[in-house]
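Visitor: Going down the list, the sequences are from chains A and B. Take the first sequence: its position 189, counting from 1, is numbered 189 in this note's numbering, and each next residue is one higher. To get this note's numbering, take the position in the second sequence, counting from 1, and add 255.
By construction, these hints were calculated from the structure, which means they are not laboratory data. Possibly wrong hints are sitting among the right ones.
Straight line, CA to CA, 25 Å or less: simulated SDA-like cross-link-like pairs of lysine to any residue [said to hold, decoys possible]:
| no. | chain 1 | residue 1 | chain 2 | residue 2 |
| --- | --- | --- | --- | --- |
| 1 | B | 297 | A | 78 |
| 2 | A | 112 | B | 296 |
| 3 | A | 112 | A | 75 |
| 4 | A | 71 | B | 291 |
| 5 | A | 63 | B | 389 |
| 6 | A | 71 | B | 462 |
| 7 | A | 63 | A | 169 |
| 8 | B | 462 | B | 443 |
| 9 | A | 35 | A | 71 |
| 10 | A | 79 | B | 443 |
| 11 | A | 52 | B | 495 |
| 12 | B | 297 | A | 90 |
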Amino acid sequence: MIHVEGVTKTYGSKVVLDNLDLDVQDGETFVVIGKSGSGKSTLLRLMIGLTKPDSGRVVVLTKNVPRLSRKRLRRFRTKMGYLFQSGALVNWLTLAQNVALPLLENPNFPRKRIDAKVMEVLYRVGLYDAAHLMPDQLSGGMRKRGGLARSLVTDPQVMLYDEPTTGLDPVTAHAIDQLIIDLNRRTGVTSVVVSHDMEGAFRVADRIAMLYRGRIIATGTPDEIRLSADPVVHQFVTGSLEGPLAEFAQKEEKS
Amino acid sequence: MNAANGPLGAVAGLGRAVAELFDRAGYTIVLLVRGTGWAFRKPRWRMTFSLMYDGGIQSLPVVAIVALFAGMIISLQTGIFLDQLGQGETVGRIVAQTFAREFGPFMTCIILVGTVVSAYAAEIGTMAVSEEVSALEVLSVRPASYLVAPRIVALTVMTFFLTVVADIIGVIGGGLVAMNQIGLPMDRYLENALDTLSGREWGYLPKDVYAGLMKASFTGWVMAGVGCAQGLQARGGALGVGRAVRTAVITSIVLTLIISYNFSWVAYQAFPS
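Please model the complete structure; the sequences and the hints are all you need to start from.
Guide: This is how it looks when you write it as structure tokens:
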């Protein structure tokens, strides 16, 4: 379903992804964990063609994404959903108008079905009564759920979640995690979640991968990651202040 | 001496700046062409009218006040001098020609740079740094069609109409001063003003008027592209948005002057009446 092979991505002199390999199976929820700034979001942006790698292949739904023409990339993206950290709702449209936007821009979707489809998706994310509100009238959690509804309205085959629970209170974060689980169970959608919220990662993941210094250093089920003997993974999972992650951060600060 | 800080470093820095300038200019031109194309292929009337109201109608009071006082100042400065030479009656011609040819379009464009172009750069820049533009791309919504095209149409049209307003109010302002300070009757002033603009060189409009309006609309079209391009290229949070707005304003003012001169040269030097 998703195959990342030998991908390198640099920003200036900083190597963000270093010859990275990754495979995500059909229908699974795959969580990528790692420190802030470790390249998790870049990985997602590569999968949907918002960023191009310096080298390597990113194959999603049998398409080599970096090689797609603009036209084919647009068609490819209609099968993809992407939840941005902030929800990224257009601020002059109501929530319902935001959710309707991808359908209105798709000339093949029947106009008569748009309202019903929008309200159905808003109902699924628990925002049925907030359809008429503007984005600045919504709380952080509601904006994320609104962004999720907008991604789901096109019935994507692959969902990419960029830090879906960052900045949310534990209850709202749990609710978002539950939405991700329900969506996966109900539709069988393949999901890639990037996060540094370990509690959420263990809750939603079928498999977890740890990204460190531009590479995947460990992959496994939540239990395997929780019990990992790798010192980096162990430190990240436990949140300990001492260990290789702290030493690496100190070296980076000095350089 | 460290090469990076010495003459070689300065040359490298200059080279980077020139390359970035061409890169940004190229991006703006491509965006303008694409946005204009989408304005015809997929017009978004509701958003366009909303932008025309926000940018154009709300700028109207500023344009009117500035035009009124500018007309009064031109009339006062030239009128006193011309009156001393016994040519006081020609003040209407001078005010009308100054406004139609140069001052109306220039003044309107400069005001719109401050009120509308800066707003375009700030709005789209904020969308870019908060990932809303990326979200549109992911949803297969083209920013050139959804964000840029309506703004290009709105500013091009509104620059035209606001210039008409500026021309009319400027001439009236000049007339009020001519009447009160020089003692020239309003009917004589307007007669002279209209007489100088009464050539029938292109359709029903005299050259001074249509050349000025074409210049204003063209400048509005370019300024819209500059504002949108700077906004779309904004990176790095609030600082990046501020930088985008500042660059959009400076670039638009410089381009307004360049376009103004070149349009005048083409209209009155290359193709004189």
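Visitor: Starting from residue 71 of chain A, check that the Cα of residue 291 of chain B is at most 25 Å away, please.
Guide: Holds: residue 71 of chain A and residue 291 of chain B sit about 19 Å apart, inside 25 Å.
Visitor: Given the hinted pair residue 462 of chain B and residue 443 of chain B, is their alpha-carbon gap at most 25 Å?
Guide: holds, 22 Å
Visitor: Next pair to validate is residue 63 of chain A with residue 389 of chain B; report whether the Cα-Cα distance is within 25 Å.
Guide: The given pair, whose Cα atoms are some 20 Å apart, holds under the 25 Å limit.
Visitor: Checking one constraint from the list: CA of residue 112 of chain A to CA of residue 75 of chain A, max 25 Å. Satisfied?
Guide: Holds: residue 112 of chain A and residue 75 of chain A sit about 22 Å apart, inside 25 Å.
Visitor: Are the Cα positions of residue 297 of chain B and residue 90 of chain A separated by 25 Å at most?
Guide: Roughly 20 Å separates the two Cα atoms, so the pair holds.
Visitor: Check whether the Cα positions of residue 52 of chain A and residue 495 of chain B lie no farther apart than 25 Å.
Guide: holds, 22 Å
Visitor: Holds or violated: residue 79 of chain A with residue 443 of chain B, Cα cutoff 25 Å?
Guide: Status violated; Cα separation ~71 Å.
Visitor: Is the straight-line distance between the alpha-carbon of residue 71 of chain A and that of residue 462 of chain B 25 Å or less?
Guide: The hint is violated at about 45 Å.
Visitor: So if I understand the rule, the pair passes when the alpha-carbon distance is 25 Å or less; does residue 35 of chain A with residue 71 of chain A pass?
Guide: violated, 35 Å
Visitor: For residue 63 of chain A and residue 169 of chain A, compute the direct alpha-carbon distance and say whether it is at most 25 Å.
Guide: Roughly 38 Å between the alpha carbons, so the hint for residue 63 of chain A and residue 169 of chain A is violated.
Visitor: Straight-line Cα separation of residue 297 of chain B and residue 78 of chain A no greater than 25 Å?
Guide: Distance ~20 Å between residue 297 of chain B and residue 78 of chain A Cα, so the pair holds.
Visitor: Within 25 Å, alpha carbon to alpha carbon, are residue 112 of chain A and residue 296 of chain B?
Guide: holds, 23 Å
Hint compliance for this structure: hints 6, 7, 9 and 10 are not met, and every other hint is.
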